[in-house]
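Participant: I would like the entire structure built from these sequences, with the hints used as guidance.
Those sequence lines, one after another, are chains A and B.
In terms of my numbering, the first sequence is residues 45 to 162.
In terms of my numbering, the second sequence is residues 45 to 162.
Calculated directly from the structure, the hints in this document are not laboratory data.
All values reported here derive from a predicted model rather than from experimental measurement.
There's no promise every hint is true.
Identical copies carry no separate label here, and so any pair may be met within one copy or between two of them.
Unchecked claim - The calculated DMTMM-like cross-link candidates involving lysine to aspartate or glutamate, where the alpha carbons are at most 25 Å apart (straight line), are: (1) 143 with 76; (2) 114 with 104; (3) 143 with 93; (4) 114 with 83.
There are 2 protein chains.
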Amino acid sequence: MAKRDIGASFVNGVPELLILRLLVGQEMYGYEIVAAIRDQSRESLVFGEGVIYPVLHALEHDGALKAHRKTVNGRSRVYYRLTAAGERRLGDLTATWSKVNQAVQGILQGGTQHAKAV
Amino acid sequence: MAKRDIGASFVNGVPELLILRLLVGQEMYGYEIVAAIRDQSRESLVFGEGVIYPVLHALEHDGALKAHRKTVNGRSRVYYRLTAAGERRLGDLTATWSKVNQAVQGILQGGTQHAKAV
DNA sequence: TATTATACCTAGCGACTCGAGGTATGGAGC
DNA sequence: GCTCCATACCTCGAGTCGCTAGGTATAATA
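Facilitator: Structure (structure tokens):
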């Protein structure tokens with residue numbers, strides 16, 4: 045059954061986009077990224093570790109990220125850094141997001157094309 | 045096989061939102077909605093009938109839409125109209141979309157090089 | 001020593017989209 | 001009259017992604 049009951053998260057592909065963006069100009073590790081998305085979006089976007097880690101691994105596997113372990117305060121962390129491919133990917137995803145966003149806004153605000161009287 | 049060679053569509057839940065929005069103040073039928081989304085988004089968003097029809101059926105089942113058959117030029121069409129519940133749903137989804145959108149924009153533009161706390 | 005916070009990871013399920021296919025009718029062209 | 005295309009409906013299977021819920025391990029705190 046279509047359990048299409050609210051849930052509708054509009055979220056598809058967003059974790060990847062945000063991860064790439066957060067890594068511009070700085071290294072971060074998984075746990076930190078989870079917290080950063082939660083905090084910087086003021087709880088609007090909360091992706092669990094079960095979402096973030098697999099995406100990180102896939103991005104690394106695809107060559108968009110480079111990983112290296114570092115031990116800080118006796119804690120082992122896996123830091124990620126953007127590669128050139130990752131920057132390209134970020135550009136592509138940002139462009140796609142922008143396009144989709146504009147298209148949706150256009151229809152939501154309607155009226156522009158040939159809206160009928162409401 | 046690339047496990048996760050992501051196509052990143054940013055599309056999740058968008059068809060439902062757009063359908064509800066298009067039906068504000070006017071009745072439409074499925075085939076027409078498919079074309080309307082394609083045209084009004086200038087091909088940025090192209091959802092096939094295989095996407096739209098199931099959503100229409102689910103929305104009707106949930107009481108967000110009312111359907112009635114009408115024959116025009118010998119063609120049988122199923123017209124959909126928003127119910128009060130549908131308008132409420134539209135309001136909810138629009139709010140969610142707006143929130144997600146703002147959160148994503150915030151991180152994308154964020155002068156985030158320095159901060160965890162906003 | 002027990003609990004909590006940090007930090008990593010995976011598996012299984014469910015939900016959503018896409019593409020391909022299937023039915024039926026009206027109109028245009030030959 | 002017959003064929004082909006556009007209209008108009010519908011469904012199924014595959015693939016992907018996100019979510020929940022687990023599981024491991026160590027450091028700090030109570």
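Participant: I'd like to know which numbered hints this structure contradicts. Please list them from smallest to largest.
Facilitator: Those not satisfied: there are none.
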